[in-house]
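Following the hints, complete the assembly by docking chain B onto the known chain A.
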Amino acid sequence: MDWMDYIVAAPEIVLLGLICLVLIADLYTDDDHRVRTFRISILALVLMLLVLDGSGSATRTVIFSGSYVSDPLSQLLKMAAVVFVGVTFLYSRDYLRSNDIHKGEFYLIGLIGLLGMMIMMSANSMLTMYLGLETLALSLYALVAIDRNNVTSAEAAMKYFVLGAIASGCLLYGISWVYGVTGSLQFHEIAAAVRMDPSLNSLPLWFGLAFLIVGIAFKFGAVPFHMWLPDVYQGARTPVTLYIASAPKLAALALFLRILSDGLGGLHETWSGMILVIAVLSLLVGNFVAIAQSNIKRMLGYSTIAHVGFILLALFCGTEQGNAAALFYTLTYVVAAAGAFGMIILLSRRGYDAENLVDFKGLNARSPWFALMMMFLMFSMAGVPPFVGFFAKLNVISAVIDSGYTALAVLMVLASVVGAYYYLRVIWYMYFEEAEDKAVLQAGTDTRLVLSLNSVAVLALGIVPGWLMALCIQILG
Amino acid sequence: MELSQHLLSILIWLPIVGGGALIAIGDEGDAASSRASLMRVVALLVSVTTFLFSVGLYVGFDNAMSGMQFIEKQPWVGSLNVFYSLGVDGISTPLILLTTFITPLVVVAGWNTITDRPAQYFAAFLILEGLMVGVFSALDALLFYVFWEAMLIPMFLIIGIWGGKRRVYATLKFFLYTFLGSVLMLVAFIYLYGQTGSFDLFGFMAAPLSMSAQKFIFIAFLLAFAVKVPMWPVHTWLPDAHVEAPTGGSVILAAIMLKMGGYGFVRLSLPIVPDGSEYFANMMIALSLIAVVYIGFVALMQKDMKKLIAYSSIAHMGFVTLGFFILWSVSGSAGAGLGMTGGMVQMISHGLISGAMFLCVGVLYDRVHSREIADYGGVANTMPVFAAFMVLFAMANAGLPGTSGFVGEFMVIIASFKANFWYAFLAATTLILGAAYTLWMVKRVVYGEVANENVAALKDLNAREFIVLAILAGSVLLLGIWPAPLVDMMNSTIDQLIQQVGQSKL
Chain A
0 MDWMDYIVAA
10 PEIVLLGLIC
20 LVLIADLYTD
30 DDHRVRTFRI
40 SILALVLMLL
50 VLDGSGSATR
60 TVIFSGSYVS
70 DPLSQLLKMA
80 AVVFVGVTFL
90 YSRDYLRSND
100 IHKGEFYLIG
110 LIGLLGMMIM
120 MSANSMLTMY
130 LGLETLALSL
140 YALVAIDRNN
150 VTSAEAAMKY
160 FVLGAIASGC
170 LLYGISWVYG
180 VTGSLQFHEI
190 AAAVRMDPSL
200 NSLPLWFGLA
210 FLIVGIAFKF
220 GAVPFHMWLP
230 DVYQGARTPV
240 TLYIASAPKL
250 AALALFLRIL
260 SDGLGGLHET
270 WSGMILVIAV
280 LSLLVGNFVA
290 IAQSNIKRML
300 GYSTIAHVGF
310 ILLALFCGTE
320 QGNAAALFYT
330 LTYVVAAAGA
340 FGMIILLSRR
350 GYDAENLVDF
360 KGLNARSPWF
370 ALMMMFLMFS
380 MAGVPPFVGF
390 FAKLNVISAV
400 IDSGYTALAV
410 LMVLASVVGA
420 YYYLRVIWYM
430 YFEEAEDKAV
440 LQAGTDTRLV
450 LSLNSVAVLA
460 LGIVPGWLMA
470 LCIQILG
Chain B
0 MELSQHLLSI
10 LIWLPIVGGG
20 ALIAIGDEGD
30 AASSRASLMR
40 VVALLVSVTT
50 FLFSVGLYVG
60 FDNAMSGMQF
70 IEKQPWVGSL
80 NVFYSLGVDG
90 ISTPLILLTT
100 FITPLVVVAG
110 WNTITDRPAQ
120 YFAAFLILEG
130 LMVGVFSALD
140 ALLFYVFWEA
150 MLIPMFLIIG
160 IWGGKRRVYA
170 TLKFFLYTFL
180 GSVLMLVAFI
190 YLYGQTGSFD
200 LFGFMAAPLS
210 MSAQKFIFIA
220 FLLAFAVKVP
230 MWPVHTWLPD
240 AHVEAPTGGS
250 VILAAIMLKM
260 GGYGFVRLSL
270 PIVPDGSEYF
280 ANMMIALSLI
290 AVVYIGFVAL
300 MQKDMKKLIA
310 YSSIAHMGFV
320 TLGFFILWSV
330 SGSAGAGLGM
340 TGGMVQMISH
350 GLISGAMFLC
360 VGVLYDRVHS
370 REIADYGGVA
380 NTMPVFAAFM
390 VLFAMANAGL
400 PGTSGFVGEF
410 MVIIASFKAN
420 FWYAFLAATT
430 LILGAAYTLW
440 MVKRVVYGEV
450 ANENVAALKD
460 LNAREFIVLA
470 ILAGSVLLLG
480 IWPAPLVDMM
490 NSTIDQLIQQ
500 VGQSKL
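Chains as they are written, first to last, in numbering that gives the first Met the number 0: chain A, 0 to 476; chain B, 0 to 505.
Bound-form chain A, shown alone (with noise of 0.2 angstroms):
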């Protein structure tokens, strides 16, 4: 083994090492201090983004005995996936305080989450991915019943718990089908073999494949394994819904990249029809569902679901384009959630959460602000140009027609116009209807100055997105 080997995997070498020092800092503080592990926690992100800067390579190489890949794409993943992490643990900050569950742990589990996130992203092998993965998905369980004397966070954590370990078993025993089948754990070795010995895409593979699947499918919140996705996101406090609704799905397009593009690009044909099923499905229930939602944590769960229908029919694809349009889209998805659900927090304050539709109505005469920017955010995701979230859908779209599914095309515009309704809605909520809660809304200065760039960002980019389709398109290309 080399030194270099180091130096490429520095990234998350020197994550493990910070977090190590959040944990002592954190010890020696107590609870009225305990924003002093938030500032540190602060640093540590903005000092990985350094490290990420300073260790990525333009070419992908392949260290530690074929089980770690550093390529442009992990680090394109990573450098957000710290972003997001910060973004959440600001937007995170004054309602944990105010809401007595101000704790270390939370920063402390977000990185850790983080690092699993990055090994996610840099996985060459079905047990790197494997680790990097329950390691996101223990800190996940563990940060959803942070506020341990909510009773509705309990019961998220445990259905989260259960049903994420049963996932993570499908994905294992998947995992040990496809090493048995094809002798070898790493991607590229996969994808030679099934390449070298075509008689191997048969049966005993698309077995493993298919409980491969139903990981993946997990991970996402994809229909029919999408149960735990609302009630965890409504259950969960809202900083953690936050965490869970933007870095993660970075790191699930990693696993479905990773294990199905990488790994199994050779049975395309096999795994396509059933990544199909599972999008349309997503796409449909999501959409729908979210129509007949009251709680607005629900409905953007909901609205999660039928977002994935779009990324997974972008990957469906299986094309170069159809790729980097996932890349896209998942980018451009987490910027706009990471704010609706930042809206929220905003809006909350002690002892209450604005986690009700109607908590969001008059908010045009309580801050025309943070309503004109609920309302970028909210546009945005229903796909209405000139927000970003238009270019998503566009470059999707496209690259189902390109593949020669021009009806399915249609279908996905039909779901984005039912989709419209329930996003209309709190823009109705928020311009249309008088205010029943008058409280001026309490942020800190860099809380309110961040939620509004995020928001701005969306529409910055949908009036300049070539720069970043560019590069996801040379990122995957």
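Because the hints were derived from the structure by calculation, they are not lab data. This one's a predicted model, so the numbers in the text were calculated from it and none came from an experiment. Idealized CB from N, CA, C, for every residue including glycine. Keep in mind that the hints are not guaranteed to be accurate.
Covered stretches of chain B (chain A as the covering partner; in silico rule of three or more C-beta atoms under 8 angstroms from a C-beta of chain A) [said to hold, decoys possible]:
(1) 18-26
(2) 154-165
(3) 176-184
(4) 187-194
Derived pair list, reagent style BS3-like, types lysine-lysine, alpha-carbon separation capped at 27 angstroms [said to hold, decoys possible]:
(5) B:K458 to A:K437
(6) B:K302 to B:K417
(7) A:K360 to B:K164
(8) A:K360 to B:K172
(9) B:K164 to B:K72
(10) A:K437 to A:K360
(11) B:K442 to B:K458
(12) B:K306 to B:K458
(13) B:K302 to B:K172
Frame of chain A; chain B shown alone:
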């Protein structure tokens, strides 16, 4: 000259930036505060400046040229080969002028009547203006689509925030209906992008397409444009939206947004899928005639003034689509040109007349807070000046010679005579029906004895209202007596379009 190279961009971005500035400064204090007055003045200044720039468009426009003028082209989204590409011809220039002409009038009309959040109100109209000019000048399909959809956002808010009692229902219906219509157009655009490799509209026009592809694309376009026009049977959002919208919203909706549908047919459907258009032309003629006759009868029975004008808009827009799609039934390009020109003139003229009619209803509504015909009667006794305007616009709406309403309808009827006697016969019923529903409404509202105390207490037009209505009355008469400048502007473009449509793409 530097300016003329960016004139269209100025017309688009000046109002949008102005509107953004209004939002950024925001509302504070009540409508009588100095902040609110400042907002109004800024809004008026921006819209008038935009209009003055658009005069430059009129002056610099070369009638002899059939192609695009004032062209701007910049790369926008490189990986999708999308360009920020603008240009105007004889079809889009009159519509842009109409847009920049109507918007200041709407700003003035909303001057004191909007007391709730005036900055947001004026900002919405300014942004809407920029986006509408964008729709009329975009030469790249994706840019067109972005403007087309983005336009829904300000109108959604205008109806929803400042509308009447059932505003939420009306505005959601408006948004979802038009959104549903438009998304399939997007699919068609992406399909064409796959065929040609770019979103350039001229590339779309040049691309050969099979008959079945043309049929599908035509249907996709039809859904988008028919909802916008609106054509029977997808017109049902319009009466709701019109009734609930504030006066300014109704004016913009009737005067300009409905024209988007007609514009879409001429700019996209006819040149991109000529054979598909020919295939469906008879269906389009039938739908247009149903709109003219059936909706005319529906208008007759309305009790609400705004609803009546809304239905009359649908009937009048039926003439526009009739004029466009009669192309293949008429022998000789002169007749085809007549139908097409008639449709275009009708769009401009209807923009002025329907806008004016909605403003008249707005004047009454501001005083009595009712749109019911039954709540009025004998308005002429207390508001003689207003009554004169209202009667003039009603006559124009009924297509009286000497007003702009006559010119377009007459051209279309002549063209349909050349096609088929029965088309012309049915189309001509509008002269009777239009006169019946409009003049009957005027009779019940304006003439007769003073009906009740509300009417007795009415005050005549103030200077602000007078100026707005007088400007509109002047333009309706001017176009009625001397339509030549408008027709001259469109002629060479329409000739070229007809030639283009005549060439099969199979």
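Do the hints match the structure? See the list:
1. Figure legend: the stretch 18-26 of chain B, annotated as covered by chain A; annotation consistent (3 residues with Cβ-Cβ distances under 8 angstroms, at least 3 required).
2. A stretch counts as covered by a chain when three or more of its residues have a beta carbon under 8 angstroms from one of that chain; for the stretch 154-165 of chain B and chain A the count is 4, and the coverage holds.
3. Counting residues of the stretch 176-184 of chain B whose CB lies closer than 8 angstroms to any CB of chain A gives 4, which reaches the minimum of 3, so the coverage claim holds.
4. Counting residues of the stretch 187-194 of chain B whose beta carbon lies closer than 8 angstroms to any beta carbon of chain A gives 4, which meets the minimum of three for the stated coverage.
5. Distance check on the hinted pair: K458 (chain B) and K437 (chain A) sit about 39 angstroms apart at the alpha-carbon level, beyond 27 angstroms; violated.
6. About 37 angstroms separates the Cα atoms of K302 (chain B) and K417 (chain B), which puts this hinted pair outside 27 angstroms; it is violated.
7. For the hint pairing K360 (chain A) with K164 (chain B), the CA-to-CA distance comes to about 17 angstroms; that is within 27 angstroms, so the pair holds.
8. Simply put, K360 (chain A) and K172 (chain B) have alpha-carbon atoms about 20 angstroms apart, close enough for the 27 angstroms limit, and the pair holds.
9. Proximity of K164 (chain B) to K72 (chain B) is assessed by CA-CA distance (about 45 angstroms); at most 27 angstroms being required, the pair is judged violated.
10. The straight-line distance between the Cα atoms of K437 (chain A) and K360 (chain A) is roughly 10 angstroms, inside the 27 angstroms bound, and the hint therefore holds.
11. With a C-alpha separation of about 19 angstroms, the suggested pair K442 (chain B) and K458 (chain B) falls inside the 27 angstroms cut-off, and the hint holds.
12. Between the alpha carbons of K306 (chain B) and K458 (chain B) the distance comes to roughly 24 angstroms, so the proposed pair stays at or under 27 angstroms and holds.
13. Proposed proximity of K302 (chain B) and K172 (chain B) is supported: the alpha carbons are some 22 angstroms apart, at most 27 angstroms.
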